[in-house]
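Engineer: The hints should help you fit chain B onto chain A, whose structure is shown.
The listed protein sequences derive, respectively, from chains A and B.
Going by the numbering used here, the first sequence opens with residue 26, and the numbers climb by one from there.
Going by the numbering used here, the second sequence opens with residue 4, and the numbers climb by one from there.
Just so you know, these hints were derived from the structure itself, not from any lab.
Ideal placement from N, C-alpha and C gives every residue a C-beta, glycine not left out.
Treat the hints with care, since some could be wrong.
What the hints assert, rightly or not - Per the computed footprint, the stretches of chain B lying under chain A, defined by three or more beta-carbons under 8 Å from a beta-carbon of chain A, are:
no., stretch
1, 46 to 52
2, 107 to 115
To be verified - Derived BS3-like pairs (lysine-lysine); straight-line CA-CA distance at most 30 Å:
no., chain 1, residue 1, chain 2, residue 2
3, B, K76, A, K67
4, A, K82, B, K73
5, B, K58, B, K81
6, B, K76, A, K82
7, A, K67, A, K103
8, A, K67, A, K82
9, A, K67, A, K108
10, B, K58, B, K76
11, A, K82, A, K108
12, B, K73, B, K58
13, B, K73, A, K67
14, A, K103, A, K82
15, B, K58, A, K67
16, A, K67, B, K81
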Amino acid sequence: EPEVTQTPSHQVTQMGQEVILRCVPISNHLYFYWYRQILGQKVEFLVSFYNNEISEKSEIFDDQFSVERPDGSNFTLKIRSTKLEDSAMYFCASSEGSGGPYEQYFGPGTRLTVT
Amino acid sequence: AQTVTQSQPEMSVQEAETVTLSCTYDTSESDYYLFWYKQPPSRQMILVIRQEAYKQQNATENRFSVNFQKAAKSFSLKISDSQLGDAAMYFCAYPLYRAGNEKLTFGTGTRLTIIP
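Looking at chain A on its own, in the form it has when it is part of the complex (with noise of 0.2 Å):
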């Protein structure tokens, strides 16, 4: 069955440093989210794309974050300069259409600390 991937499964950065989380939702899915939780904390959606730009985005999506599909299989969130509140799971996660009948798909999650 098909499933969204997601690497690195851990990445460890330092406060002020740029990182890149990287997803590979399923192929013909053509919508594309993030979302995050910190430890203890919900899921909260950060962000979602479609048709190659971005649909809507939560007031935690601020200038730092961005997101890309630079290759029509990858789809990338961007974090310019970590701040140590960023350390998060950060889940992506991909459907065929939007709606209720659409399922999200989600990865694995990638678990970013900040130092």
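Structural biologist: Below, chain B alone, put in the same frame as chain A:
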């Protein structure tokens, strides 16, 4: 704003027994979906079951069923004949649709332990 609340951070159940996980939500919409996602340790979240709000009948998927009370804005998950593989974090989620776009609002999750 849509909110989702799971008041049970942890639950445990004896293998083969039945357990119910609670979820309440708040929305001003009249037609919507609700989801339960399962996240096994170190694995991705997978959709367990979904409920359409306009359907009176509670959704069922094998051993998983929901008790959907629209007026009370309650959406609990019942797992019958619990198995060791059911051990996971369970998240209740509300999808919000705007202009063809969907984003999920999650509860804080319930960690379910199965006792052999």
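Engineer: Please go over all the hints and tell whether each is borne out by the structure.
Structural biologist: Against the structure, the hints come out as follows:
no. : hint            : in the structure
1   : 46 to 52        : holds (count 5)
2   : 107 to 115      : holds (count 6)
3   : B:K76 to A:K67  : holds (19 Å)
4   : A:K82 to B:K73  : holds (29 Å)
5   : B:K58 to B:K81  : holds (18 Å)
6   : B:K76 to A:K82  : holds (26 Å)
7   : A:K67 to A:K103 : holds (21 Å)
8   : A:K67 to A:K82  : holds (17 Å)
9   : A:K67 to A:K108 : holds (19 Å)
10  : B:K58 to B:K76  : holds (14 Å)
11  : A:K82 to A:K108 : holds (19 Å)
12  : B:K73 to B:K58  : holds (10 Å)
13  : B:K73 to A:K67  : holds (23 Å)
14  : A:K103 to A:K82 : holds (14 Å)
15  : B:K58 to A:K67  : holds (28 Å)
16  : A:K67 to B:K81  : holds (21 Å)
Against the hints set out earlier in the document, no violation occurs for any number.
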